[in-house]
Amino acid sequence: MALCACSFPAIVSCCAAASEPQKSTPFASHLLGGSDLGFHPLLKLNQVKKRSGGVYASLSEGAEYYSSRPPTPLLDTINYPIHMKNLSVKELKQLADELRSDVIFNVSKTGGHLGSSLGVVELTVALHYVFNAPRDKILWDVGHQSYPHKILTGRRDKMHTMRQTNGLAGFTKRAESEYDCFGTGHSSTTISAGLGMAVGRDLKGERNNVVAVIGDGAMTAGQAYEAMNNAGYLDSDMIVILNDNKQVSLPTANLDGPIPPVGALSSALSRLQSNRPLRELREVAKGVTKQIGGPMHELAAKVDEYARGMISGSGSTLFEELGLYYIGPVDGHNIDDLVSILKEVKTTKTTGPVLIHVVTEKGRGYPYAERADDKYHGVVKFDPATGKQFKGSSVTQSYTTYFAEALIAEAEADKNIVAIHAAMGGGTGLNLFLRRFPERCFDVGIAEQHAVTFAAGLACEGLKPFCAIYSSFMQRAYDQVVHDVDLQKLPVRFAMDRAGLVGADGPTHCGAFDVTFMACLPNMVVMAPSDEAELFHMVATAAAIDDRPSCFRYPRGNGIGVQLPPGNKGVPLEIGKGRVLIEGERVALLGYGSAVQSCLAAASLLESHGLKLTVVDARFCKPLDHSLIRELAKSHEVLITVEEGSIGGFGSHVAQFLALDGLLDGKVKWRPVVLPDRYIDHGSPADQLAEAGLTPSHIAATVFNVLGQKREALGIMSSRN
Amino acid sequence: MMRCGYGLVALPGTDARLFSPEPSFLRLPRTVHPVRIKFGSFKIRAKIGEARKEVSFYDMLGISEKGTLPEIKQAYKQLARKYHPDVSPPDRVEEYTERFIRVQEAYETLSDPRRKALYDKDLALGLHLAFSARRRYQFDEDLEDQSEWRNRWQSQLSELKRRNMSRDAGGNMSWGARMRRQREELSKQV
Numbered sequence: 001m002a003l004c005a006c007s008f009p010a011i012v013s014c015c016a017a018a019s020e021p022q023k024s025t026p027f028a029s030h031l032l033g034g035s036d037l038g039f040h041p042l043l044k045l046n047q048v049k050k051r052s053g054g055v056y057a058s059l060s061e062g063a064e065y066y067s068s069r070p071p072t073p074l075l076d077t078i079n080y081p082i083h084m085k086n087l088s089v090k091e092l093k094q095l096a097d098e099l100r101s102d103v104i105f106n107v108s109k110t111g112g113h114l115g116s117s118l119g120v121v122e123l124t125v126a127l128h129y130v131f132n133a134p135r136d137k138i139l140w141d142v143g144h145q146s147y148p149h150k151i152l153t154g155r156r157d158k159m160h161t162m163r164q165t166n167g168l169a170g171f172t173k174r175a176e177s178e179y180d181c182f183g184t185g186h187s188s189t190t191i192s193a194g195l196g197m198a199v200g201r202d203l204k205g206e207r208n209n210v211v212a213v214i215g216d217g218a219m220t221a222g223q224a225y226e227a228m229n230n231a232g233y234l235d236s237d238m239i240v241i242l243n244d245n246k247q248v249s250l251p252t253a254n255l256d257g258p259i260p261p262v263g264a265l266s267s268a269l270s271r272l273q274s275n276r277p278l279r280e281l282r283e284v285a286k287g288v289t290k291q292i293g294g295p296m297h298e299l300a301a302k303v304d305e306y307a308r309g310m311i312s313g314s315g316s317t318l319f320e321e322l323g324l325y326y327i328g329p330v331d332g333h334n335i336d337d338l339v340s341i342l343k344e345v346k347t348t349k350t351t352g353p354v355l356i357h358v359v360t361e362k363g364r365g366y367p368y369a370e371r372a373d374d375k376y377h378g379v380v381k382f383d384p385a386t387g388k389q390f391k392g393s394s395v396t397q398s399y400t401t402y403f404a405e406a407l408i409a410e411a412e413a414d415k416n417i418v419a420i421h422a423a424m425g426g427g428t429g430l431n432l433f434l435r436r437f438p439e440r441c442f443d444v445g446i447a448e449q450h451a452v453t454f455a456a457g458l459a460c461e462g463l464k465p466f467c468a469i470y471s472s473f474m475q476r477a478y479d480q481v482v483h484d485v486d487l488q489k490l491p492v493r494f495a496m497d498r499a500g501l502v503g504a505d506g507p508t509h510c511g512a513f514d515v516t517f518m519a520c521l522p523n524m525v526v527m528a529p530s531d532e533a534e535l536f537h538m539v540a541t542a543a544a545i546d547d548r549p550s551c552f553r554y555p556r557g558n559g560i561g562v563q564l565p566p567g568n569k570g571v572p573l574e575i576g577k578g579r580v581l582i583e584g585e586r587v588a589l590l591g592y593g594s595a596v597q598s599c600l601a602a603a604s605l606l607e608s609h610g611l612k613l614t615v616v617d618a619r620f621c622k623p624l625d626h627s628l629i630r631e632l633a634k635s636h637e638v639l640i641t642v643e644e645g646s647i648g649g650f651g652s653h654v655a656q657f658l659a660l661d662g663l664l665d666g667k668v669k670w671r672p673v674v675l676p677d678r679y680i681d682h683g684s685p686a687d688q689l690a691e692a693g694l695t696p697s698h699i700a701a702t703v704f705n706v707l708g709q710k711r712e713a714l715g716i717m718s719s720r721n
Numbered sequence: 001m002m003r004c005g006y007g008l009v010a011l012p013g014t015d016a017r018l019f020s021p022e023p024s025f026l027r028l029p030r031t032v033h034p035v036r037i038k039f040g041s042f043k044i045r046a047k048i049g050e051a052r053k054e055v056s057f058y059d060m061l062g063i064s065e066k067g068t069l070p071e072i073k074q075a076y077k078q079l080a081r082k083y084h085p086d087v088s089p090p091d092r093v094e095e096y097t098e099r100f101i102r103v104q105e106a107y108e109t110l111s112d113p114r115r116k117a118l119y120d121k122d123l124a125l126g127l128h129l130a131f132s133a134r135r136r137y138q139f140d141e142d143l144e145d146q147s148e149w150r151n152r153w154q155s156q157l158s159e160l161k162r163r164n165m166s167r168d169a170g171g172n173m174s175w176g177a178r179m180r181r182q183r184e185e186l187s188k189q190v
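Line order of the protein sequences matches chains A and B. All residue numbers for the first sequence refer to UniProt numbering, where the first residue is 1 and numbers rise by one. All residue numbers for the second sequence refer to UniProt numbering, where the first residue is 1 and numbers rise by one.
Just chain A, same shape as in the assembly (with noise of 0.2 Å):
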């Protein structure tokens, strides 16, 4: 008994005593010995010690959480959802705790996103049991938390497989089952999507329910309004469930502590949440309306709804002059509430759209997570004892930190230097920035669109923004950097990160399409690094580029280990100047980024064989080295470029240069690598390279059957491991 009382560490033995019949000792000695792990609230003692009905597997000492899988009665007789629906509502709890407990096992083994998965696991079990899908449809914004939906969808036996070669994929995907009835993976797009399956659904004239699920954070993107903007004005029946736990950025903290949420929003859903109604107010207004009665319905009716205006506080008016009908907050780890809610909803014939503040918190249910700043956002393979990653080392870092340290270096000498990134802050490396700069760094939340006008807007003041977008996410706001910014020539400096294939998150965050869209835009200046220190140079060229806008492309990874500049201040290059770095004969590699590592192991290959290639780094690919590219077309029969990137781009300008300036008349070759015609599954990066026919042994390949050399070709292919 006296053992609840204590917070400190190993809370585990606490509660493992506390069932036992009382001990005479209330303390036992080890528990004030080690480390001062710091305070764990007697909420979460309760929590963990709510467990009660369904078989455990014991807790070892030093540990908050299973080290080996506790036995699923209950979730092992669910395949699919309509397995559950003779379940009582006792039976959903259970079956949510031993959903939670699988999710955190199986991310353990494959690493992916485990905060937001737990954050839903009620509402999932909830949802499934309800509604029917897949006739109904769930749709779930960005898709990284449908674990416990695949898990509840036929796919629990190959959750082993997540986010590798030829498994499932870390978010929602049509291809993959038809309970994933929309892809997603960008933000904020379920809304749209779920009004377009309500509309669908209305004109075949069927009846089945249509729910989306989205985040407090997606909520910050303009597209949610604008879907539910026309969401009101249809007046379709649907579902909105907005799911709110206070975590607007990722990740989730920055590097000295949890972030605040960024916006004006989550003040306003905070309000939401911590109002306290004033019950009494509404009992008098029903009084009102009884007093006055009789042929007064519709005032009466009138009076209820504006005290009930009133009383939901000044957020929920937001979602009622959208048109959505505002239900909430509803506490999103109750199963009992979620059901009775959604079977209300469900009932309710006309109900119009209707969004339901659904109030989570992220990582619930894993202690590590519940304490940690990033609440275990994304993961690498951990151990669900003692919630230690499994983090590799590496000799060089990535080139995220080499770009923020790049950055550093270059405001340091510059105070007109700032950084905008979108909810991006860990991704992006500007959390390293925020902490030197902190007033210099712009998080505007996931909104794209907005953060490339804003840089636009400071770079009208002479300021000079660099924005950190992923390749991908620039997809994005691709108008706003055609119109805000190329056409009036502003100087604004594009840091594209996660540019080329990008492993386990797969095409919906493959950079590949970057190259193509900026290198056709008249005045901007695009350029990749090769390399690390390459990546140092760039950054100092964009800060000095005042001109114009600019931007250059990095990968996904970590650097190849050159020597970094001093003080890792980068010498801005020669625009429009390419380096090269193996002479050689006959073949010409021209390379482009991160595709300039692959031509130099293609040309080791090569070299047992008896050919010597040249090895060029482009650099540039708008402005192209001109004078370079003339000099490796007169010199050399065979002339390859390679990049990471999809047609359109690089290659394209060369062969458009090439054909302009004659040098296609003559004699030389001219092939392209580049991404092939179609999108590259997630799977490890080694094998997504293979798939798209990007590795040295095929740039070796393509080189022999150029040359005529089909048998050494197929050599080079087979020999490949």
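Certain hints may be false.
Lysine-lysine pairs mimicking DSS-like chemistry, simulated, CA-CA at most 30 Å apart [claimed, not checked]:
hint : chain 1 : residue 1 : chain 2 : residue 2
1    : B       : Lys-161   : A       : Lys-204
2    : A       : Lys-343   : B       : Lys-161
3    : B       : Lys-73    : A       : Lys-388
4    : B       : Lys-188   : A       : Lys-204
5    : A       : Lys-343   : B       : Lys-188
6    : A       : Lys-204   : A       : Lys-90
7    : B       : Lys-188   : A       : Lys-346
FRET-style restraints, in silico, Cβ to Cβ [to be verified]:
hint : chain 1 : residue 1 : chain 2 : residue 2 : range
8    : A       : Ile-545   : B       : Asp-145   : 28 to 36 Å
9    : A       : Asp-373   : B       : Val-55    : 34 to 42 Å
10   : B       : Leu-123   : A       : Lys-109   : 47 to 55 Å
11   : A       : Tyr-233   : B       : Glu-144   : 37 to 45 Å
12   : A       : Asp-383   : B       : Val-55    : 41 to 49 Å
13   : A       : His-83    : B       : Leu-123   : 52 to 60 Å
14   : B       : Asn-164   : A       : Gly-154   : 30 to 38 Å
15   : B       : Lys-161   : A       : Pro-73    : 34 to 42 Å
16   : A       : Gly-693   : B       : Glu-184   : 55 to 63 Å
17   : A       : Gly-693   : B       : Pro-113   : 51 to 59 Å
To be clear, the hints were calculated from the coordinates, so they are not data collected in a lab. For every residue, glycine included, the Cβ atom is placed at its ideal position computed from N, Cα and C.
Keeping the supplied structure of chain A fixed, place chain B upon it in accordance with the hints.
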């Protein structure tokens, strides 16, 4: 428009006497509730309740009311080390254990900014309900939140049902309403 904050405006045609005066709605959101017992901790609370002293948390820790978090932490650590049962003199284990528990409670409340704020407010109002009310700051608030939330969404749901009755009536010409009417007509024909 009735949306003028918490004041009430008389609607045309209603008797203003029907509205109660404002101040009654503005009473403190937190009144003294009877102590709510959480299962599993009944025995310990009974234990503490026996020896309740009206000492504030700050006095307990030996710091001033303006103590900063590091000061609070330090004070707590010192006292915890002093009163921990393992290091306390054998003849005074019981007493020291109780103190230890209370010191811990004090630290828990004062180290959480939210709970500290609530505690300070109550202290200023002269309501010192330290130990028995410890739970209040945590669970009661949550439970209160919960029941208020529940009431709110229950009334929202009933409002939704009520609205449902008249929704697609003649006047509503939204696209959705038209489609729903169409669908109803089709199903009636079948």
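Hints, verified against the model:
no., hint, result
1, B:Lys-161 with A:Lys-204, "holds, 26 Å"
2, A:Lys-343 with B:Lys-161, "holds, 12 Å"
3, B:Lys-73 with A:Lys-388, "holds, 27 Å"
4, B:Lys-188 with A:Lys-204, "holds, 16 Å"
5, A:Lys-343 with B:Lys-188, "holds, 25 Å"
6, A:Lys-204 with A:Lys-90, "violated, 38 Å"
7, B:Lys-188 with A:Lys-346, "holds, 21 Å"
8, A:Ile-545 with B:Asp-145: 28 to 36 Å, "violated, 54 Å"
9, A:Asp-373 with B:Val-55: 34 to 42 Å, "holds, 35 Å"
10, B:Leu-123 with A:Lys-109: 47 to 55 Å, "holds, 50 Å"
11, A:Tyr-233 with B:Glu-144: 37 to 45 Å, "holds, 38 Å"
12, A:Asp-383 with B:Val-55: 41 to 49 Å, "holds, 44 Å"
13, A:His-83 with B:Leu-123: 52 to 60 Å, "holds, 55 Å"
14, B:Asn-164 with A:Gly-154: 30 to 38 Å, "holds, 35 Å"
15, B:Lys-161 with A:Pro-73: 34 to 42 Å, "holds, 38 Å"
16, A:Gly-693 with B:Glu-184: 55 to 63 Å, "holds, 56 Å"
17, A:Gly-693 with B:Pro-113: 51 to 59 Å, "holds, 57 Å"
The structure fails hints 6, 8 (numbered hints given earlier, in ascending order).
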